[in-house]
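> Okay, so the sequence shown: first residue is 1 according to our numbering, each after it adds one.
Treat the hints as calculated values from the structure; they're not laboratory data. Yeah, the Cβ is synthetic: ideal placement off N, Cα and C, and Gly gets one too. Hints are not guaranteed to be accurate.
FRET-style restraints, in silico, Cβ to Cβ [unchecked claim]:
#1 Leu35 / Gly96: 18 to 26 Å
#2 Ile107 / Leu37: 18 to 26 Å
#3 Pro42 / Leu16: 31 to 39 Å
#4 Val17 / Cys119: 30 to 38 Å
#5 Arg193 / Ser52: 34 to 42 Å
#6 Tyr184 / Ile161: 46 to 54 Å
#7 Ser52 / His97: 15 to 23 Å
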Amino acid sequence: MAHRHNWQMTLRVAGLVAIALFTFHALSSLLFGVLGLAPSSPQWSLALILGSFLAIAGATVGMQSLNFIPQRLTSLVSGASSIAILAAFSLGELSGHQAEGVLIGAIAGLIVGGCGGFCTGHRQGFWQVAIALISSLCAYGTAFGLSSWTWAAATTQRWLIAIGLGLCTALYLWFTQQGLTWVYHQWQRDIKRELQK
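Build out the structure end to end from the sequences listed, making use of the hints.
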């Protein structure tokens, strides 16, 4: 029986590592692709939509750790927005960066991630940890993007904008820390629960 639990735990750890690596790759590709865009670019509106999903996923995981919003609601929003980003990236890559592929991926991700987040929101387990991990990385990606814009505003001496963006960057770094702390504690509870079976 202990061997079976060890095998399950190994698979879960491998799954979380794979999810983290894929999420990091997807977010890096998306962020570096968006940072150089200008508002006149034909892909600007798509970049704003994906950036919004990124910011919402990151903020939700930070608020989820505070426990003042119902768990199912934060799981629904976090799952929908974070999976929408990953699905948009995946279908965008498969379609050769066509806008239709990105939009179909985002819509499918919203539905699948929202349903998954809602269904697992009241339970503690692997999928809730996975969604929170993805959303924590989204918070970090948002902080990275905001810090780039903060630097750009500071170098052009737009100090008020730089201060505002700097405060938002700090907030998203805090969301990242809160989310990853929540993931760690939740994972520890899952391990203890598995060992007690």
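> For each hint, tell me whether it holds in the structure or not.
Consistency of the hints with the structure:
1. Leu35 / Gly96: 18 to 26 Å: holds, 21 Å
2. Ile107 / Leu37: 18 to 26 Å: holds, 22 Å
3. Pro42 / Leu16: 31 to 39 Å: Roughly 37 Å apart at Cβ, these two residues keep to the hinted range, so it holds.
4. Val17 / Cys119: 30 to 38 Å: The hinted range 30 to 38 Å is violated for Val17 and Cys119, with Cβ atoms some 24 Å apart.
5. Arg193 / Ser52: 34 to 42 Å: Roughly 36 Å apart at Cβ, these two residues keep to the hinted range, so it holds.
6. Tyr184 / Ile161: 46 to 54 Å: At 35 Å between Cβs, range violated.
7. Ser52 / His97: 15 to 23 Å: Holds - the Cβ-Cβ distance for Ser52 and His97, about 19 Å, lies within 15 to 23 Å.
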